[in-house]
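Visitor: Residues per chain, in single letters:
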Amino acid sequence: MAMNNFKIDSEPKIQSGFKTPDRFFDDFSSKIMEQLPVNEPKVISFYAKRKNWILAVAAIIVLALTVPIINKFNTPSAELDVTTLENYLTNRASISDDDLVELLDEEDIQKMKVDYKIEDKAIEDLLSTNSNLEEYIIY
Amino acid sequence: MEEKDFIQKLLDPKTQNEAFQKLLFDYQRPLYNHIRNIVLNHDDTDDVLQNTFVKIFQHLKNFKGDSKLFSWMYRIATNEAITFINLKAKRNGVTSEALQNKIVDNLKADSYFDGNDIQFKLQKAIAHLPEKQQLVFKMKYFEEIKYEDMSEILGTSVGALKASYHHAVKKIENFMTKD
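Listed in order, the protein sequences are those of chains A and B. FYI, the numbering used here numbers position 42 of the first sequence as 42, with every residue one higher than the one before it. FYI, the numbering used here numbers position 113 of the second sequence as 113, with every residue one higher than the one before it.
This is chain A alone, in the form it adopts within the complex (with noise of 0.2 angstroms):
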């Protein structure tokens, strides 16, 4: 459809010709207030809420695992001291000397070797001058 001359401000308005289906806007503003975000205070996400909870019961789970480690550098030694141990076998007759015997091995036997260190001219004088050796060769 041609037409000549048209001039756009002496022609009557024309309207763009768009329609909007009747009521559109009857709940418009309802289906937008539906869909605002809530003010950011009043949201508390599911994990915030249970944030404390978490944290006490990590907190928990922490010290039960580290109780038993501590108690295990705490504890005292197990190795007695030497008094103890003297006194315990002295005073059970119960044990023998042959028990103690068994329980040496070559190392402590070596240990309580006693080096007396006399030379045998010490002992040769010894002898000599004393008087009553012979009664004790006699006996």
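Source of the hints: derived by calculation from the structure; they are not laboratory data. Since the model is a prediction, treat every value here as computed from it, not as a measurement. No false leads were slipped in.
Here are the computed lysine-lysine pairs in the DSSO-like style, where the Cα-Cα straight-line distance is at most 30 angstroms: (1) K68/B to K13/A; (2) K31/A to K4/B; (3) K14/B to K68/B.
Where chain A lies over chain B, by a calculated footprint (3+ residues, C-beta under 8 angstroms): (4) 17-31; (5) 43-57; (6) 116-129; (7) 167-178.
Glycine included, each C-beta is placed from N, C-alpha and C at the ideal position.
For chain A, the structure is supplied; the task is to place chain B on it using the hints.
Guide: Relative to chain A, chain B alone:
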């Protein structure tokens, strides 16, 4: 009511709902028309308008008051509508100009368009314009927005807007006369 007071009511949680309802009541129709002129189809306009109001609500706290509330809202609506058209064109694998032309060609089948031949032809003429000229022409001719307000909405000088409108009118008059 002073605009400043109204903005305060929009920001105060106690009065916010009531104030926003008033804002909706006052602006739902003009913003609908503005968006409809850009995206052309009613259902798309409905979606874009809803997004626009939700965005307006979400960004109210950032509204600096440098411009009028009215032009700030129109700016959001314009951006939403143009973004929507561009995304739709991308989804369809065509340019936004091609999409506009296609929608206009199908307007006669649109149950929410009841324009006569002249109205239909005017829509076709507009669809042939560059994007900025389309926008300026629609805002000036259909929505009768003042150049000063349009300048705030589009961030373009009044002189440039007048030039755009002038070019748009010339092209439209040629289109309407020629075919």
